[in-house]
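Trainee: Sequence:
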Amino acid sequence: MTRTRPHRRLGLACAAAAALGLVAACSGPPAAGGGNGDAFALSAGSPAAKGDISGFTWASYAEPLTLDYAMAFDYPSNTILSNVCESLMKWTPQLKEVPGLAQRAEHPDPTTWVYDLRPGVHFHDGSEMTADDVVYSLGRQMDPKIGAAWAGVFQNVTSITRTGPLQVTVKLKHPDAVFPQYMATAAGVVASEKGIKAAGANWGSGSLDCTGPFKLGAWNKGQSLELDRFAGYWGTPAKAGKVTFEFLTDPSARTNAMLTGAVDGGYLIPTESYQRLRSSGEGTLYFGESLSTVNVNVTNMKGVLGDARVRQALSLALDRAGFVKQGLAGNGKVTNALTDRAAWAGANPETVKAAFDTLPSTTPDLAKAKELIKEAGATGKTVTVATSAIGQDVSLMATAVQAAGTEIGLNVQVKTIAPDAFSALFTDPKARVGIDMFPETYYLSITDPMDLLTNFETGNYQNYAGYSNPAYDKLVEQAVATDDPATRLAIEAKLQQIAVEQNLWIPAAEWPTAVFMNKRITGAPTTISYLYYPWAADVGAAR
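Using mature numbering (1 follows the signal peptide of the UniProt record, and there is no 0), the letters of the sequence shown correspond one by one to residues -32 to -1, 1 to 511.
Hints listed in this document are in silico derivations from the structure and should not be mistaken for laboratory results.
We treat Cβ as the ideally placed atom computed from N, Cα and C, and that holds for glycine.
Any given hint might turn out to be false.
Here are the computed distance ranges between Cβ atoms for each label pair [unchecked claim]:
id, residue 1, residue 2, range
1, Gly402, Lys162, 18 to 28 Å
2, Thr204, Gly229, 35 to 45 Å
3, Ala221, Gly185, 18 to 28 Å
4, Glu250, Gly200, 53 to 63 Å
Here are the simulated BS3-like cross-link-like pairs (lysine-lysine), alpha carbons at most 30 Å apart as the crow flies [stated by the list, open to error]:
id, residue 1, residue 2
5, Lys139, Lys442
6, Lys139, Lys64
7, Lys336, Lys64
8, Lys293, Lys442
9, Lys336, Lys321
Take the sequences, apply the hints, and build the full model.
Mentor: Below, the structure written as structure tokens:
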């Protein structure tokens, strides 16, 4: 069975804990820390706010196309949406999965999940959340007319039904240990059925009736978006009365806005600005766990890259250390794995060794790479890599691929495209015509390596190159059907070995999350939890 996931994306959904009511947090990645001689040190968080503030401003590198939760598949939309709409489960700033709008999740048999909802939760229009709203909200993800980015999460679902005023039961076709984890992402968002129907085509742009600590305020298209504190929030009230997101697409303009106080902070800091912000004295630059790796996505195996020897040669010639130094300003780690090590926190030492220690070396071997190119008869043949003016991490990775290919005898052409065209590479097959590969930063939306490793299953949404391996597919099915985290991760180690050895994507670096806050504010999480956790509610006065 083929599973599709939205592009890019805690251990597992902790099935045993769920069966007990999820009263305790599930295990997430290991605690952050530094001291390894790296140019950066990971922070577990930023200092807690000392009081409330009237509001703060935040930089966003792009304006969301929509805030419809069904289409929220990337950084700009989820960074905002996480504060307005809530899911059945949720992440914590420490990347642990805990109850969200569902106060309890039970797993009575391998193909059933039962969610008991919190009583007294109100939508932004004042109406009370019911099981009908959950059924309707999750059902939209499965509606082909919606074309949801998260539809693949639900393709193993046979039914979502109301089994009580505050209870919803999900039935699956096959055991699926990954599905419940996605209920902490935008896939598990609950919105008002009445609000969605009333908004019509305006849903996700001018209207967004959810349950979060903030509600949608003014949206000045092309400029900014405001969120207003929701007085009827069921949980701890937000510390800020208002959050204003400024859309600053130019990296230099975004950095200057932070330095001058035009905005108070932001995530996804341009790597070329790290040092300026660090040394400015205007605030603090933090790094945290990101569950992210920088890879080169192979999109075409019908041409030159269809020969595994050519892909292997490019990997052998790639200067990963040089990319980390220049492209990430030294704030990252060279890797030969497609997944971040933190995603393997629930694995035993033998599994971790199998997942990482058996992979090819990251040290360039130009002699062997040149030999492989000659054996493949690829000398002088053309490979095209896409790039865009999004940030130097993208442009310098494309340059590194070109340098590696040129060194070993390939003719690597770099094709520069506009940022919106680059985004289209993830969703539009027509946009990938004439492109063999492109740089991609892939984040996990769950702390399970399967979020990435399923991409190479036959027919998967992001299996752009059309790779097909029955043995790989069988391992994917085995892993997804296994509730026990240790057993599943052992299977996933085999999947990672295959994906890396075949160079289905070419891994380059682990890249931490970066967040800057000026001296006026504090409290924002330093981890990638901000995509699915209401982070802005924690931001308040620093003094």
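Trainee: Taking the hints in turn, state whether each one holds.
Mentor: Cross-check of the supplied hints:
1. Gly402 to Lys162: 18 to 28 Å: Since the Cβ atoms of Gly402 and Lys162 sit about 47 Å apart, the hinted range of 18 to 28 Å is violated.
2. Thr204 to Gly229: 35 to 45 Å: 28 Å, violated
3. Ala221 to Gly185: 18 to 28 Å: Holds, since Ala221 and Gly185 (Cβ atoms, about 23 Å apart) stay within the stated range.
4. Glu250 to Gly200: 53 to 63 Å: 36 Å, violated
5. Lys139 to Lys442: 23 Å, holds
6. Lys139 to Lys64: 25 Å, holds
7. Lys336 to Lys64: 43 Å, violated
8. Lys293 to Lys442: 39 Å, violated
9. Lys336 to Lys321: The given pair, whose Cα atoms are some 25 Å apart, holds under the 30 Å limit.
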